[in-house]
Each structure stands twice: as C-alpha cells, then as structure tokens.
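Visitor: Okay, here's what each chain looks like letter by letter:
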Amino acid sequence: MTTAPSAATPAEVTEIDASARCSLLLLLGSALLWLVVSGALALVNLVQLHTPSFLADCPLLTFGRTQALQETTFIYGWAANAGLAVALWILARLGGSPLRSLNWVSAGTVFWNLALTLGLVGIATGDAMSNAWLHLPRYVLPMMLVAYGTIAVAGVLAWTGRRQQMTFASQWYAVAALFLFPWIFSAAQVMLVFTPERGVLQALVAGWFVQGAWTLWLAPLALASAYYLVPKVSGRAIPSYDFAALSFWTLLVVGAWTGGRHFIGGPIPAWVASIAGVSCALLLFHYIVVGINLRGAFSGGGSTVLKFVAFGLGAYVLGGFLDALTAIRGVALITQFTYFSTAQSQLALNGAYSMMMFGAIYFLVPRITGQAWASSALIRAHYLAAIIGTIGLVVALAMAGWVQGHDLNDPAVTFAAIATHTKTWLQIATAAQALLLLGNLLLLGHLLKSAASSYLAPANATFRQPPTMEASVS
Amino acid sequence: MKNGFTFFLGLFLALAMAWAGIVLGSHAQLGHLAPYFDENEGKAFPERLPGIAARGQLVYQDLGCAACHTQQVRRPDFGSDKARGWGDRQSVARDYVSQPHVQLGESRIGPDLANFGARPHAVDADRLTQYLYEQHGGMPSYRFLFETRKITGERSAIALKVPVSAGMEVVPTHRVQALVAYLQSLNNVYEYPEARPVAPVAEKKEGASK
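Residue numbers (the numbering used here), protein chains in the order written: chain A, 1 to 474; chain B, 475 to 684.
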C-alpha cells in the first residue's frame, strides 16, 4: 500500500493488453464518437445563447433540449464509455491477469450505447426529465443499469482475482467508481423517476445525484488513470504516497455532501447548504494531497500523456478551490444562477475529466493495438486544440458569468442589457468550443486509423519497447 | 486495503452516509410537509395545479424551459429578486408540495418565474401566447407550438393577431395553451408562517397576520 505502482514485465503486458483489444476499442471508439456528438451539440447550444433564433424553428433542438442532449451525451456517452475502458484496463494491468468476461463487456457496451441512443431520441422528442445529469427518459434507465453492470463486472473480477494482495491508489479509485455508480444511479432513478419524492426533495435528490456522480464516479475514474500514469510514465515513485489513502477516503466520505452549495438561499433547509460549504473546505485536503502526490506530472518532459494529465490535474485542483470559493455566500450572491456555474462544470468535465482520459487514451491505445500512434502531427494538433479550446471556453464562460452576476444583482439592468453585455464573451466561448470540437474530431479520426491499421496489419510478434510507442509532442 | 470485504464495506458506508444525511435527513424534516389550511380563506395553500396547468408543466419540462428560467425567489436581502418584482418573500419548501415536477432551475438567462402569474403587471394569456410565437426579449420564438392553417368558414376565435398571408390563420396548439395556463398559474404569494420572519420590514408582519 505504501509502494508506488511498479513496471510490469513485458510478457504480461502484451498478453493482458492484446486480449482486451476488441472490447476496449469498442468502448473507446463509442466514447470518442459521443464526445464529438456532444461537442457539436454544445456548439449549437452556445450559438443559441448569443443568437437565440438559431434553429429555433426546429422543435428537436430548443435551447433546453440541446443542453440536455449535450450534457447527457457527454456524461453517459463519452465519460462513461471512456472511463469504463480505462478503469477496466488499469485493473487488469495492476491485477496482473488478462480481463475475464470480455464478451459481457462487449455486449454491455452495445446495449449501453443502444439505450443511450434511444434515450437521446426520447429527449429530443419530448420525453426528457427535468433533472440535471438525469434527463434520460424513464424507459431506458433500467436497461442502462443492467448494461453498466455487465461491463463493470469485468473490473470487479480483475480486482478480486488480482495476483497480489497489495493494492495501489489507482485500483482503489477505479474499483470505487465501478462499484458505487450503480448504487447512485439506481437510487436516483427510484427517488426521481419511478417513485418521485415530493416537492423540493426532488431537487435535493437531484443535487445529491449530480454531486455523487461527479465525486464518486467520474472524478475517481479520472484519478485512477492519473495515479496509474504519472508514476508509470515518469518512472518515479509517488511522493507522500502515505497520504493517498486518507485523501481517497476524504473524497469518498465528504465529496457527496458538497452538492448543496448550489442551493444557497434556496427553498431547502439551510443546513444542507451550510454543510456543503463546510464539506467543500474539508475536501480541499483531498485536492492538496492529489496535487502533491501527482506533481510529477508537471515535470513530465516531452510526454504527451503527462502533458494531458498535468492539465487535467491542474483543472481538477483549481475546480476544487473554485467550488469552495463559490460555496461562500458572498461569492455565491454573484455567481449563483450564472454562466460562472457553467464554467465550473466545464472546467471539471472538459478540463479535468476529459484531459486525464485523453492522457490515458494516448497511453493505452498503442499498447492494446500493438502499434504506435500514426501521426505525431495529429497528436500535436489535438493537444493544442484541446488546451486552447478548454481554457478559452472556461475563461470566457466565467467572465460572462461574472458580468451576468453583477448585472443580475442590479435591478435596473434589463435582461436584454445583460444579453448585450455578455455577448462578446459568449462568442469567444463559442469559438473555443468549435476549436475543442475540431480537436476531438482529430482524435476520433486518429483512433479509427490506428484501430484499422492494427486489424489490417496485425502487430508483429515481438514486443515493442514502450518508449517507441510513447506519443510525444516535444 | 488488503481486505476486500472491509474495503467494499467502507465504500458502501461512505455512500450511504451522504445519502442518509442529505436525502433522508431532509426527508425527515420536509417529508411530512402538507399544504397550509387557512381558516379565514377556507382553503389550503398552495393550491393544486388545475388539470390544464399540470399538463402545461409537462410541456415546460419537455421543452427544457428550466435551462433558462429558475422558479425560486431568494430572500429580499440576498440578490435583487424582490427589486426585480419576482416576489416579496423568499420561496419556501411548502410552495412546491403540490407540484408533481419541481423545476427550481439553476440558471437565470431569463427571469425567474416562481410568481409569474402574480406579477404586478401580469402578462395576459393572449400577449403571453404572442410572446411565445414571436421572439420576445432574448427568448426565441416557439413557432412549432403553433399551427398555420387555412381559414375554413370563420376565423378561429383564438387565432393570433399576427401578419400572415391572406386566407390563413395562426392558431395555438393545445400544448402552448397548456403552457400558458401553467405559467399563469405560477403564484406563490401566500405568506405561510415559516415565510414571515425573513421579511425585514416591520409592517410586513402585521400585513401577514390578516
């Protein structure tokens, strides 16, 4: 428990990686496809913010619906598929044996994505629910839960069948995410959709679900990949590793309590928001330890993997501090109900989660396909688009939110005036989102090319040394 | 972490604690909240949504109106909610007990609608229907909620007064009628006992005890 992950022997690596190629590529391919769809929807959504008449005559794409569609596609399409692929692969590698029940993983992936597609059609045609992160219509939810179970079971088997008793931080985060999501997801389904709570309790359950899905599912998935990649790529042990366990349990125990910060001043018991504020402050311990543990990512030399992970970690820690800051009443007075909250969630999702996943994808795809990435120019282009796009999107939305917040607090400023004041920032955000979409398209194309070539020209039998596979943009 | 069972138990307890604290805790506090019966008025508040308004709430939900509009008023000294005429008192949990689909909302790209039907300068149904047909303020038009059809016999009584080619009329569909009825039913001005103390003005208290 106090040792950083060590390098596996080459023989194990090839066997574990090659056997999972088909299932993991299916998950990753679906993930990136959804990421591109989500990016396109986000672009439409942002254009509608400064040009409300854009596609207004299309009932499938009202502003509210494009927002629900892009959020759902991002979380259940991109984040879920990519996170599952990375978590399964890490658990197999650290467990030391090839993944079992891979047919179930593939079948689960197909059903998960079918259910999601059906759900998106449902949202576009008027069956959407009004809960954040849970807009999916009721008829696809049970199917998604079962499909998730069939995928995740491979991860749990890899954990229970691991060759050594000792476990690593990366494994804790991956197992926690795989194990906890079905509980959160099913509890939210029951309490919001099938037997809904009364009155504002619906909003409270929804708030708990959103925060739980982030702190107990997506954030651990991202951290699992970061805790695996940083020591692996840099070749250095994790500093202050003894604190990693405490940081892990802090996130799990305290994290879900922070959801109430969105309800400051709202019609819910005041203690919910107060506890959320205190929890946000407690959670800073977790962010600080993660920053210290994984600081090796920031001196990763020319490794693309570490560059993505470092950006993701920076965004993750910054997001934690911003959460704590906006949980203070005086700050919430300005940022509540504005684009600033949108900027915060984009910082977490695009900035932290996606970036750490990109790092993991650049690391694992060459290993499962047995071939290095086709083009370093494409990697460089994606890296630049992702970094500039994310920074532009988050900063522009935050600035728009700050302006909007001050304007909202001044009753003399009309909504038309607020729209004028924020227009430039929203246009910048739109441009940034377009860049982000372009970058993600490049990654999708690159992955498809690599996957195709791995099937057309099967990997040579000799194991290639990791450094030759390593993507580099330096 | 060597012991798998303890690890999973720990994970489960961490999740259960937050769930019990936030969900069960607030359920214990608010789960039994009932409408407040006012003997002077002879009826209970909040009132149930009329059938057409309840259908309108579903339209509000499926179009995603909550993406731009909140339905929660903050107390007068926190934000400009009162000054903007969205409500004299803060919203309280009891305001929502009769609503099947609560939509507090998280974003104020447009105004708060918690008391839309009770505003001092309330928008009448015809004008509101017109707003939804034409672009109004920053809100896009929702023309797909209307039917443009040939006038057969007499012009429909509910046809909109908008420029349209000769022999044609624009009529609101049932969905937009329900939506308008819902928006007009939004009225949370009744002062419950728990909503009173937050009003900082002294005469407010006397007014509320009527």
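FYI, nobody ran anything at the bench for these hints, they're computed from the structure.
Predicted model only: the values in this text are computed from it and were never measured.
Each residue gets a CB set at the ideal place from its N, CA and C atoms; glycine is no exception.
Worth double-checking, as some hints may not be accurate.
[Unchecked claim] A few chain A residues facing chain B, derived, Cβ under 10 Å:
(1) Leu-55
(2) Cys-58
(3) Thr-62
(4) Ser-130
(5) Phe-179
(6) Gly-199
(7) Leu-251
(8) Gly-259
(9) Ile-268
(10) Val-272
(11) Ile-288
(12) Ala-381
(13) Ala-416
(14) Ala-419
Visitor: Would you mind marking each hint as holding or not holding in the structure?
Guide: Right, here's what the structure says about each hint:
1. The beta carbon of Leu-55 of chain A is positioned within 10 Å of a beta carbon in chain B (closest approach about 9 Å), and the interface hint is therefore held.
2. Of the supplied interface hints, the one on Cys-58 of chain A holds, with its beta-carbon coming within about 8 Å of a beta-carbon of chain B, less than 10 Å.
3. A cut of 10 Å between beta carbons decides the hint on Thr-62 of chain A: the least distance to chain B is about 5 Å, and the hint holds.
4. Taking 10 Å as the C-beta contact cut-off toward chain B, the hint placing Ser-130 of chain A at the interface holds, the least distance being around 4 Å.
5. Hint status for Phe-179 of chain A relative to chain B: holds, with the closest Cβ pair at about 6 Å, below 10 Å.
6. Annotation: Gly-199 of chain A was flagged as interfacial toward chain B, and the flag holds, the nearest CB pair being 4 Å apart, inside 10 Å.
7. Interface restraint check: Leu-251 of chain A against chain B, minimum CB-CB distance 9 Å, threshold 10 Å, status holds.
8. For Gly-259 of chain A, the interface hint holds, the least distance from its beta-carbon to any beta-carbon of chain B being 7 Å, beneath 10 Å.
9. Nearest Cβ of chain B to the Cβ of Ile-268 of chain A: about 7 Å, under the 10 Å cut. The hint holds.
10. With its C-beta approaching chain B no nearer than about 6 Å, Val-272 of chain A sits inside the 10 Å limit, and its interface hint holds.
11. Interface hint status for Ile-288 of chain A: violated, as the beta-carbon distance to the closest one in chain B is roughly 20 Å, over 10 Å.
12. With a least beta-carbon distance of about 33 Å to chain B, the hint placing Ala-381 of chain A at the interface is violated under the 10 Å criterion.
13. Restraint check, Ala-416 of chain A versus chain B: the minimum CB separation of about 6 Å is within 10 Å; hint holds.
14. With a cut of 10 Å, the hint placing Ala-419 of chain A at the interface with chain B holds, because the nearest CB-to-CB distance is about 5 Å.
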